[in-house]
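Chains as they are written, first to last, in this note's numbering: chain A, 1 to 411; chain V, 1 to 333.
It is possible that some hints are incorrect.
[Stated by the list, open to error] When the alpha-carbon atoms are kept at most 35 Å apart in a straight line, the in silico DSBU-like pairs for lysine-lysine are as follows:
no.: 1; chain 1: V; residue 1: Lys153; chain 2: A; residue 2: Lys401
no.: 2; chain 1: V; residue 1: Lys34; chain 2: V; residue 2: Lys87
no.: 3; chain 1: V; residue 1: Lys87; chain 2: A; residue 2: Lys401
no.: 4; chain 1: V; residue 1: Lys153; chain 2: V; residue 2: Lys34
In short, the hints are calculated from the structure, not lab data.
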Amino acid sequence: MRIFTLAFKDLLQTTRDVRTAVFVVVMPLLFTYFLIAVNGGASGSSTDSRLALAFINHDPNGIVSAQFFNLLGNSEVVRLGVPDENAQARISEQVRDGTYTAAVIVPAGYSEQLIAGTPVKPQVIVDQGSESGQSALNAIETASDRLQGALQTARQTTQTFEARQPFTDATARQNFFNEALAAATGAWKTPTLTVRTEQGGTQSTGNQVSPATQLSPGILVQFVVLGLVSICVVFFLERKTQTLSRMLTTPISPLGILLGHGLAMAGLIFFQEILLITFGQIAFGVDYLRDPLAVLLVMVALAVWAASLGLLIAVFARVMEQVVMFSLIAMFTLSTLGGCWFPLEITGPVFSTIGHLTPSAWAMEGFQNVIVRGQGIGAVLLPVGILMAYTVVFFSIVTWKFQRRTSLNMA
Amino acid sequence: MLQVVTQPQVPGKAANHNGPIAIRVEGLGKNFDKIQAVQDVSFEVEEGQIVSLLGPNGAGKTTTLSMLACLLRPDSGDAWIMDYSIKTEAAAVKQAIGVVPQEIALYSDLSAKENLQFWGKMYGLRGPKLTGRVEEILELVGLTERQKGPVAKFSGGMKRRLNIGVALLHRPQVLYMDEPTVGIDPQSRRNILDSVKKLNREGMTVLYTTHYMEEAQELSNRIIIMDQGKVIVQGTHQELVKIVGEQDRINLTVSQVVPKEIAERWHALEGVNRVSLNEDNSLTLLVSDSNLILPNLFEVATGLGARITSVDIQEPNLEAVFLHLTGRGLRDS
Ligand SMILES: Nc1ncnc2c1ncn2[C@@H]1O[C@H](COP(=O)(O)OP(=O)(O)OP(=O)(O)O)[C@@H](O)[C@H]1O
Ligand SMILES: [Mg+2]
Chain A
1 MRIFTLAFKD LLQTTRDVRT AVFVVVMPLL FTYFLIAVNG GASGSSTDSR LALAFINHDP
61 NGIVSAQFFN LLGNSEVVRL GVPDENAQAR ISEQVRDGTY TAAVIVPAGY SEQLIAGTPV
121 KPQVIVDQGS ESGQSALNAI ETASDRLQGA LQTARQTTQT FEARQPFTDA TARQNFFNEA
181 LAAATGAWKT PTLTVRTEQG GTQSTGNQVS PATQLSPGIL VQFVVLGLVS ICVVFFLERK
241 TQTLSRMLTT PISPLGILLG HGLAMAGLIF FQEILLITFG QIAFGVDYLR DPLAVLLVMV
301 ALAVWAASLG LLIAVFARVM EQVVMFSLIA MFTLSTLGGC WFPLEITGPV FSTIGHLTPS
361 AWAMEGFQNV IVRGQGIGAV LLPVGILMAY TVVFFSIVTW KFQRRTSLNM A
Chain V
1 MLQVVTQPQV PGKAANHNGP IAIRVEGLGK NFDKIQAVQD VSFEVEEGQI VSLLGPNGAG
61 KTTTLSMLAC LLRPDSGDAW IMDYSIKTEA AAVKQAIGVV PQEIALYSDL SAKENLQFWG
121 KMYGLRGPKL TGRVEEILEL VGLTERQKGP VAKFSGGMKR RLNIGVALLH RPQVLYMDEP
181 TVGIDPQSRR NILDSVKKLN REGMTVLYTT HYMEEAQELS NRIIIMDQGK VIVQGTHQEL
241 VKIVGEQDRI NLTVSQVVPK EIAERWHALE GVNRVSLNED NSLTLLVSDS NLILPNLFEV
301 ATGLGARITS VDIQEPNLEA VFLHLTGRGL RDS
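With the rest of the complex left out, here is chain A:
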């Protein structure tokens, strides 16, 4: 009962702090809104106004065709889709009925011939009479021109290098050329999430990480830490003033005090989650409701883990500035390593392995197993279990530190 009294008091104090409104509500909502909008919108096609472009690659292992795909994917005009074999057979028909605005067909041996210096062009299927058809064609030509430029650059670089110091063998030369080409293509693009994520998608429909399905849960997980700041401050100030020692003269136990503050933190974060999830679902069509129970489980686990992190920060901070500083450090490390900004799958094995050591990565995994991979409750049990394990570890450290502080020295 006293635990609830304490939690309620914390929340009352929290509502009196302007930081709460800013960190819990305004900032995460604005971040979600702007980042998703900037990165090309929702998971459904409803708010993505880019033109659908089919990319059919008969040169699957070619280095140049891969860069061509990258450059196209970088475009703000077209959105790439890779039709399956079935759909490839009917591609002209699909362009006609508007499933795709245009289709690019990369012929076999495309890369090899271009590297050898033989001019070869991809085939383009498009209705040139329509305005959108023209736009798509422009985008394809821009990408094509850039690719030519990049090829030229790579060839030049390789020759210049070779003139000074010959390559040991053909493979070395090829590798050098490939790198030069990748670098030259890379110069054209300002990397965005869209490109990289859609590279992974090999089907034309469903199960893809889109800006919305990445950033909606990503920002939610990231802001969990910032949302805690104002309530951490409440607990911290309690430690620093004699309100904590006064509390210890009442019948509540030290453990009860920690549970009370933890409950308030978890409650606040749960509220923030509901807000952001509702926003993601309504504004961007992120399908949290696909499995409400599974999402709820992840939400609760995340809130409870966040509370243990909040207690950790409040118990370890020595001065007020540290509460904010620790929170910011935790937020940036956990969100970057935890794959809140980009999927860990695209980061390479080392980063991904390290990333999966963070609780935030598992929260992301839990949410995305539902909203991206369409899996059910069974698929969130592992992430939830890992979050709970982290909670136990954090809370044990908190209890140890708090007991030390309360038994030795009231501060």
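Dock chain V with the ligands against the given chain A, drawing on the hints supplied.
Leaving out everything else, chain V with the ligands in the frame of chain A:
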């Protein structure tokens, strides 16, 4: 020549028991790393009495109270509050006591009423009982009119009053007050001293700490003087001032001289028993007879080319007792 009339009483045997004992402290000790904050402290407080712990900064008053409030575990000794041991029956002790901490222990972003409601609930009050008690306390501490605004906007005196009010919510049998009048205006101070007396008349046992001897003198049935973690003497005010016997206490202000130098010269005089240098560079002397010694003091001063700018002769008081027993003033450090 001075003679000590009464030896300081042996700690623990202080009281001649009239009533039941509310607080019994035996051999309490507490160290912080190398600091011996409290050493072998023993005393008793009868039910319905006000007893003061008087001592300078760092004497160990707060540490003693913290142990008696079950906030700190003693390294040695034990104490019983209403017969409950602070070591083994902390829960019962906590129900019996109210604690007014030295610092303001309130949530400054909440209102007076919200603070009282919260602390009332923490003490286990609920429903109409809680509401009624909160109103009573607001009335008692004179904050009924100001119950709504945040405590942050309160004056120092108002905060102190609320700080006391919170400790009274659950009607404790024993009240600990740790320097409750520090840093407030004389009027609020008066108000607080009067309410302590009023609470005591209604039967509450009070353990009060202070470094103002006037407060200890005015309020207490008995006074325990602490210094450097130890009880140096305890007894009623009358008993304590008897220790300094017939000595007079003279406060002098001097100019045109290094005070330390003149202090040493005065101390060498026959009939001057103690000299202490105060923070404001005035000097306090304990002398056997002020009439006889004053001319000599002036003579020494003149010899040093110093001027005595004020002289104040006082009756024996607790300040003199402390000076007599420790060689230092209560408020110098
Ligand atoms: N938590 C602590 N850690 C280390 N030392 C402490 C701690 N609390 C008190 N002390 C030391 O113990 C001694 C007694 O301190 P205490 O606060 O009990 O004195 P006090 O009589 O209440 O003084 P004041 O009048 O300044 O409040 C001091 O030397 C103090 O520095
Ligand atoms: Mg103190």
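Hints and how they fare:
{"no.": "1", "hint": "V/Lys153 - A/Lys401", "in the structure": "34 Å, holds"}
{"no.": "2", "hint": "V/Lys34 - V/Lys87", "in the structure": "23 Å, holds"}
{"no.": "3", "hint": "V/Lys87 - A/Lys401", "in the structure": "22 Å, holds"}
{"no.": "4", "hint": "V/Lys153 - V/Lys34", "in the structure": "40 Å, violated"}
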